[in-house]
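Per our numbering, the sequence shown starts with residue 1, numbered consecutively.
Some hints could be false.
No farther apart than 30 Å at their CA atoms in a straight line, the calculated lysine-lysine pairs in the DSBU-like style are these [as the list claims (entries may be wrong)]:
{"id": "1", "residue 1": "146", "residue 2": "2"}
{"id": "2", "residue 1": "2", "residue 2": "147"}
{"id": "3", "residue 1": "2", "residue 2": "52"}
{"id": "4", "residue 1": "124", "residue 2": "18"}
{"id": "5", "residue 1": "2", "residue 2": "90"}
{"id": "6", "residue 1": "147", "residue 2": "124"}
{"id": "7", "residue 1": "137", "residue 2": "90"}
Quick caveat, the hints were computed from the structure, so don't treat them as lab data. Since we're looking at a predicted model, the values are computed, not measured.
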Amino acid sequence: MKIESQNLFNDINRAIIKCRGLYSAWSANHGISYHEMLVIYTIREFGFCTQKHICDSYLLPRQTMNNVISGMRKNGLLVYSSEHSVGREKAFVLSDKGETYAAPLLDSLDILESGALERLGSEKMAMLIQLLSEYDKALYTVMEVKKE
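Produce the complete structure using the sequences and hints provided.
Right under this line is the structure:
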């Protein structure tokens, strides 16, 4: 591989990992794990979460998310939602206690993300999303071809 290409991959991977690391640091500063934050974040976006959806969205091990969801249920933050469950795929929503717990966390996260959007601008943010999505698809396609 050419050194220029390798430098590009080093830079993109470093940027992606730093971004994920910032969310992880934010989570730690707020007394929750990164994975718990993803559960709350997913529920904010969709109104519910399933283990499968979180694992597929963030490419996380099922056992990891099973442990996180089980812990959040045990702490009374999540409850089973038959309304959103399909077949064997169990869905969960925030309990009343979970909503009280998550509200200030989501408010803080909104401030963080809104501040970043304000600095970057909507146009650059849309471009970033588009380029990262295309890069993800390209990597996935090459990985699938290599499996054959």
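We went through each hint and held it up to the structure:
no. : hint         : result
1   : 146 with 2   : 21 Å, holds
2   : 2 with 147   : 24 Å, holds
3   : 2 with 52    : 38 Å, violated
4   : 124 with 18  : 18 Å, holds
5   : 2 with 90    : 47 Å, violated
6   : 147 with 124 : 35 Å, violated
7   : 137 with 90  : 28 Å, holds
Figure legend: structure checked against the earlier numbered hints; hints not met, in rising order: 3, 5 and 6.
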